[in-house]
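*Asks:* The primary structure of each chain is shown beneath.
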Amino acid sequence: MPGESIFPTLEPLLEQVSKPIQYVGGELNSTVKDWTVGGDHTVRWALMYPDAYEVGVPNQGSMILYEVLNERPDALAERTYSVWPDMEALMRAHAVPQFTVDGHRALGDFDLFGLSFSTELGYTNMLTALDLGGIPLHAIDRDDTHPVVIAGGHAAFNPETIADFIDAAIVGDGEEAVLMVTDVVAAWKRDGMPGGRVELLLRLARTGSVYVPRFYDVSYLPDGRIQRIAPNPAYPGVPWRVAKHTVMDLDAWPYPKQPLVPLAESVHERMSVEIFRGCTRGCRFCQAGMITRPVRERSITGIGEMVQRGLAATGFEEVGLLSLSSADHTEIGEVTKGLADRYESSKVGLSLPSTRVDAFNIDLANELTRNGRRSGLTFAPEGGSERIRKVINKMVTEDDLINTVAAAYGAGWRQVKLYFMCGLPTETDEDVLQIAELAKKVIETGRKVSGRNDIRCTVSIGGFVPKAHTPFQWAPQLGAQETDERLAKLRDAIRSDRRLGSSIGFRYHDGKPGIVEGLLSRGDRRVGRVIEAVWRDGGRFDGWSEHFSYERWMECAARELAPFGIDVDWYTTRGREESEVLPWDHIDSGLDKEWLWQDWLDAIDEVEVDDCRWTPCFDCGVCPQLGTEIQVGPTGKTLLPITVVGGSPLRERTPSHA
Amino acid sequence: MQKLRVKYARRGRLRFSSTRDFGRALERALRRAEVPMAFSAGFHPHPKISYANGAPTGTASEAEYFEISVTERVDADAVRAALDAALPDGLDVLEVVEAAPGALADRLEASAWEVVFRQTALADLEAAVDAYLDAAEAPVSRMFKTGMKTFDTRSAVVTMSAAAAADPSCAILRMVVRHTTPSVRPDDILTALRAVTALAPPVPPLVTRLAQGPLHDATAGVADPLAADKAAAGS
Numbered sequence: 001m002p003g004e005s006i007f008p009t010l011e012p013l014l015e016q017v018s019k020p021i022q023y024v025g026g027e028l029n030s031t032v033k034d035w036t037v038g039g040d041h042t043v044r045w046a047l048m049y050p051d052a053y054e055v056g057v058p059n060q061g062s063m064i065l066y067e068v069l070n071e072r073p074d075a076l077a078e079r080t081y082s083v084w085p086d087m088e089a090l091m092r093a094h095a096v097p098q099f100t101v102d103g104h105r106a107l108g109d110f111d112l113f114g115l116s117f118s119t120e121l122g123y124t125n126m127l128t129a130l131d132l133g134g135i136p137l138h139a140i141d142r143d144d145t146h147p148v149v150i151a152g153g154h155a156a157f158n159p160e161t162i163a164d165f166i167d168a169a170i171v172g173d174g175e176e177a178v179l180m181v182t183d184v185v186a187a188w189k190r191d192g193m194p195g196g197r198v199e200l201l202l203r204l205a206r207t208g209s210v211y212v213p214r215f216y217d218v219s220y221l222p223d224g225r226i227q228r229i230a231p232n233p234a235y236p237g238v239p240w241r242v243a244k245h246t247v248m249d250l251d252a253w254p255y256p257k258q259p260l261v262p263l264a265e266s267v268h269e270r271m272s273v274e275i276f277r278g279c280t281r282g283c284r285f286c287q288a289g290m291i292t293r294p295v296r297e298r299s300i301t302g303i304g305e306m307v308q309r310g311l312a313a314t315g316f317e318e319v320g321l322l323s324l325s326s327a328d329h330t331e332i333g334e335v336t337k338g339l340a341d342r343y344e345s346s347k348v349g350l351s352l353p354s355t356r357v358d359a360f361n362i363d364l365a366n367e368l369t370r371n372g373r374r375s376g377l378t379f380a381p382e383g384g385s386e387r388i389r390k391v392i393n394k395m396v397t398e399d400d401l402i403n404t405v406a407a408a409y410g411a412g413w414r415q416v417k418l419y420f421m422c423g424l425p426t427e428t429d430e431d432v433l434q435i436a437e438l439a440k441k442v443i444e445t446g447r448k449v450s451g452r453n454d455i456r457c458t459v460s461i462g463g464f465v466p467k468a469h470t471p472f473q474w475a476p477q478l479g480a481q482e483t484d485e486r487l488a489k490l491r492d493a494i495r496s497d498r499r500l501g502s503s504i505g506f507r508y509h510d511g512k513p514g515i516v517e518g519l520l521s522r523g524d525r526r527v528g529r530v531i532e533a534v535w536r537d538g539g540r541f542d543g544w545s546e547h548f549s550y551e552r553w554m555e556c557a558a559r560e561l562a563p564f565g566i567d568v569d570w571y572t573t574r575g576r577e578e579s580e581v582l583p584w585d586h587i588d589s590g591l592d593k594e595w596l597w598q599d600w601l602d603a604i605d606e607v608e609v610d611d612c613r614w615t616p617c618f619d620c621g622v623c624p625q626l627g628t629e630i631q632v633g634p635t636g637k638t639l640l641p642i643t644v645v646g647g648s649p650l651r652e653r654t655p656s657h658a
Numbered sequence: 001m002q003k004l005r006v007k008y009a010r011r012g013r014l015r016f017s018s019t020r021d022f023g024r025a026l027e028r029a030l031r032r033a034e035v036p037m038a039f040s041a042g043f044h045p046h047p048k049i050s051y052a053n054g055a056p057t058g059t060a061s062e063a064e065y066f067e068i069s070v071t072e073r074v075d076a077d078a079v080r081a082a083l084d085a086a087l088p089d090g091l092d093v094l095e096v097v098e099a100a101p102g103a104l105a106d107r108l109e110a111s112a113w114e115v116v117f118r119q120t121a122l123a124d125l126e127a128a129v130d131a132y133l134d135a136a137e138a139p140v141s142r143m144f145k146t147g148m149k150t151f152d153t154r155s156a157v158v159t160m161s162a163a164a165a166a167d168p169s170c171a172i173l174r175m176v177v178r179h180t181t182p183s184v185r186p187d188d189i190l191t192a193l194r195a196v197t198a199l200a201p202p203v204p205p206l207v208t209r210l211a212q213g214p215l216h217d218a219t220a221g222v223a224d225p226l227a228a229d230k231a232a233a234g235s
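These protein sequence lines map, in sequence, to chains A and B.
By UniProt numbering, the letter at position 467 of the first sequence is numbered 467, and the numbering carries on one by one without gaps.
By UniProt numbering, the letter at position 210 of the second sequence is numbered 210, and the numbering carries on one by one without gaps.
Treat the hints as calculated values from the structure; they're not laboratory data.
Where hints are given, some of them may not hold.
Claimed, not checked - Straight-line distance between alpha carbons at most 20 Å, and here's what the computed DMTMM-like set of lysine to aspartate or glutamate pairs gives: (1) A/K637 / A/E652; (2) A/K441 / A/D492; (3) B/K48 / B/E34; (4) A/K347 / A/E269; (5) A/K347 / B/E34; (6) B/K48 / B/D84; (7) A/K19 / B/D21; (8) B/K3 / A/E652; (9) B/K48 / B/E98; (10) B/K3 / B/D75; (11) A/K441 / A/E430; (12) A/K347 / B/E95; (13) A/K19 / B/D187; (14) B/K48 / A/E318; (15) B/K230 / A/E652; (16) A/K637 / A/D249; (17) A/K440 / A/E317; (18) A/K489 / A/D537; (19) B/K48 / A/E317; (20) B/K3 / B/D224; (21) A/K257 / A/E269; (22) B/K48 / A/E344; (23) B/K48 / B/E27; (24) A/K33 / B/D89; (25) A/K257 / A/E318; (26) A/K512 / A/D537; (27) B/K3 / B/E95; (28) A/K441 / A/D399; (29) A/K448 / A/D492; (30) B/K3 / B/E67; (31) A/K347 / B/E72.
Stated by the list, open to error - Far from chain A, by Cβ distances over 12 Å, these chain B residues were calculated: (32) S18; (33) L133; (34) A223; (35) K230.
Note that the structure is predicted; figures quoted are calculated from it, not measured.
Ideal Cβ positions, reconstructed from N, Cα and C, are used throughout, including at glycine.
Using the sequences and the accompanying hints, generate a full structural model.
*Replies:* Next comes the structure, spelled out in structure tokens:
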């Protein structure tokens with residue numbers, strides 16, 4: 001019977017797998033609704049973060065959608081995660097389908113299967129889930145009994161590489177989008193499901209903001225480039241370009257209200273409050289900053305309420321104030337001071353995953369660690385030389401950086417971590433070797449201001465991957481071997497100085513995974529064959545170094561792409577011209593392609609562009625295109641006082657004597 | 001400063017939670033329930049909680065114990081209700097008492113276990129129990145942090161019997177096992193049972209700890225380890 005729990009067949013397998021707790025659900029604040037909670041036309045979503053439970057369960061986006069959908073009386077949403085290979089083998093042996101951890105219902109029983117892709121490296125895990133769920137891998141092979149497979153998340157801004165496997169993609173903010181899709185599905189069910197699956201997909205596509213790949217045809221030029229991507233005329237009403245979703249009032253969406261508290265250990269053991277969405281700093285490498293414009297702040301009042309409510313609902317001991325650059329919130333000083341005051345006595349810690357390099361940040365960090373240990377601070381200059389930082393529009397001078405770290409070491413911090421990228425456009429060995437010089441200056445300065453020799457600096461560096469909808473979408477990616485060679489030179493340069501080198505840690509990611517990520521992030525529909533071949537060959541959990549196989553990806557890509565006369569280099573290390581049709585041109589992120597091209601030219605010319613929060617508009621196109629605007633404070637609002645209770649409500653009552 | 005002793009159950013699918021998992025859930029539940037926890041001193045203050053003899057991951061339990069310290073005197077029954085409400089279903093707080101003198105750990109001398117063998121005939125289980133009880137020794141080997149160790153399970157078993165279950169396809173094993181070093185876990189005994197009679201259930205048996213506490217030699221039963229605390233509170 002659809003919707004029935006498969007737990008009885010799963011349970012004996014749990015004795016035989018590692019960390020069984022990840023498969024049993026039952027987390028605090030999780031929800032299991034009746035299969036027919038909304039009557040015959042209940043709309044049922046299975047939501048997946050296609051990675052291991054420990055990574056997926058704290059994911060904010062999935063948590064928000066789970067809650068928003070479950071608040072609807074006519075809908076239900078349950079969660080599913082990637083199962084580890086030991087569990088996959090047992091499930092195959094005992095014919096146990098991919099299941100949700102809430103009601104332990106079979107994935108195939110749901111109406112909709114929504115996947116959130118933060119990274120392209122989850123694609124093979126999607127195929128595992130589909131296959132274990134008994135759902136045909138190819139969208140075109142599915143019938144009315146199968147769930148509609150919808151991709152979201154940042155990677156969905158180029159959905160073409162997974163176009164064969166998904167029925168639809170939705171780009172942008174998910175809160176309102178999932179409700180809109182639920183409305184469409186509910187109406188179609190009430191109408192008696194006319195026209196089956198194709199009619200439902202057509203109704204979704206005609207909203208203008210749901211991309212249904214099967215309704216679009218792609219043609220290619222003889223040299224392999226795309227000639228045209230256009231709606232198939234057999235399906236009238238399908239838009240040429242599909243718009244992204246933008247939630248304008250964050251205070252109206254205070255989710256998650258009831259964050260999940262897993263029993264199992266997860267990668268983020270804290271409660272998170274998103275303090276603003278979007279970023280207009282304009283770092284040219286940053287896809288998140290480009291595709292989430294404009295900036296929309298949550299008010300200080302709204303933040304305070306979410307923290308209070310979330311802590312009461314979860315009992316977490318730490319609160320993270322999330323955003324793409326948290327120190328940029330216009331009221332961040334008041335927010336951090338107010339929250340630090342309020343929660344000082346209850347031992348609740350605050351964290352600000354902020355990456356901006358300036359002295360103000362040190363003040364904030366000091367505020368958040370009033371009584372605690374000042375262990376490490378992290379900054380992301382991203383580029384080693386002043387020149388390359390102009391190319392990427394990361395407006396930090398060397399003086400800024402040195403002054404900031406001096407302030408940090410002076411305030412008692414013992415370790416500074418610096419994040420960089422290797423392989424940025426126009427980069428030479430010299431730009432990267434500057435990182436060593438910078439790190440040495442950091443140590444020298446730190447020793448001077450702190451008067452101690454035991455301070456440390458860690459350089460963390462990985463390969464840059466050009467992404468869709470950024471000014472670097474046309475840029476050639478640096479090859480894996482060249483990346484590794486450059487990183488080796490940097491390592492040698494750091495180690496060559498005996499006096500300072502011993503205080504500098506060096507962490508790097510080799511260039512190989514970046515090439516696969518590059519293939520998947522700027523690929524087109526032809527890359528789908530590669531993903532499928534890798535998966536059929538056993539590819540799983542590509543984000544995990546112990547499971548990732550570069551050789552497998554390269555072998556499968558060579559074999560699958562050869563018939564088209566193209567290869568991995570063609571997708572990754574090849575620069576593109578302005579006239580080239582890009583695989584994601586029909587996905588409308590709001591950014592003007594002409595503006596992006598101009599910004600790319602400015603990058604090559606080392607011309608910087610200011611943050612439009614504080615300067616006039618640069619016409620990136622987002623606000624007029626989407627009818628949105630920047631929303632920043634200060635609002636003049638405050639943290640609303642909370643009632644102070646005198647001690648614990650559980651304290652023993654003194655017996656009253658008459 | 002007041003010290004409380006708490007008895008809780010780990011039921012259903014939450015038997016797959018480990019003691020560490022429970023620890024995380026408990027600290028959060030204590031915050032939600034607004035229990036006035038006492039913290040350790042230092043850079044990273046931790047709530048003062050001590051866990052006693054947790055059942056292995058994968059086994060259910062009706063008798064797990066821990067102690068917490070609180071900074072102001074609280075009503076034990078109110079804490080029981082608030083903490084139970086704050087923990088996920090399946091982690092159920094059964095009793096909270098104020099600690100009387102004497103270490104709780106010293107009172108946990110033995111456990112009573114119930115093991116449900118699914119798709120197993122009662123006669124087969126009975127034969128296995130008879131063979132096991134007849135053996136002078138029933139050694140098993142298990143991997144420890146320090147390496148593989150072989151130890152006897154038989155001497156730790158105080159009583160063992162087989163019984164019919166309501167579901168005729170199942171058979172029930174009941175036993176009282178003394179807490180020893182190295183500890184003899186239910187799965188060690190199941191391994192030993194398999195070794196003496198080749199008893200091999202097709203699905204893993206369901207193991208539940210029914211009680212742990214002082215071992216009464218006269219009745220070979222397990223007594224309530226909180227009896228002394230309750231007596232002191234009642235006086």
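*Asks:* Now look at each hint and say whether the structure bears it out.
*Replies:* Now the hints, each set against the structure:
no.	hint	in the structure
1	A/K637 / A/E652	violated, 38 Å
2	A/K441 / A/D492	holds, 17 Å
3	B/K48 / B/E34	holds, 15 Å
4	A/K347 / A/E269	holds, 15 Å
5	A/K347 / B/E34	holds, 13 Å
6	B/K48 / B/D84	holds, 19 Å
7	A/K19 / B/D21	holds, 10 Å
8	B/K3 / A/E652	holds, 14 Å
9	B/K48 / B/E98	holds, 15 Å
10	B/K3 / B/D75	holds, 12 Å
11	A/K441 / A/E430	holds, 17 Å
12	A/K347 / B/E95	violated, 27 Å
13	A/K19 / B/D187	holds, 18 Å
14	B/K48 / A/E318	holds, 18 Å
15	B/K230 / A/E652	holds, 17 Å
16	A/K637 / A/D249	holds, 16 Å
17	A/K440 / A/E317	violated, 37 Å
18	A/K489 / A/D537	violated, 35 Å
19	B/K48 / A/E317	holds, 15 Å
20	B/K3 / B/D224	holds, 18 Å
21	A/K257 / A/E269	holds, 17 Å
22	B/K48 / A/E344	holds, 19 Å
23	B/K48 / B/E27	holds, 10 Å
24	A/K33 / B/D89	holds, 16 Å
25	A/K257 / A/E318	holds, 16 Å
26	A/K512 / A/D537	holds, 19 Å
27	B/K3 / B/E95	holds, 14 Å
28	A/K441 / A/D399	holds, 11 Å
29	A/K448 / A/D492	violated, 25 Å
30	B/K3 / B/E67	holds, 7 Å
31	A/K347 / B/E72	holds, 17 Å
32	S18	violated, 7 Å
33	L133	holds, 26 Å
34	A223	holds, 28 Å
35	K230	holds, 17 Å
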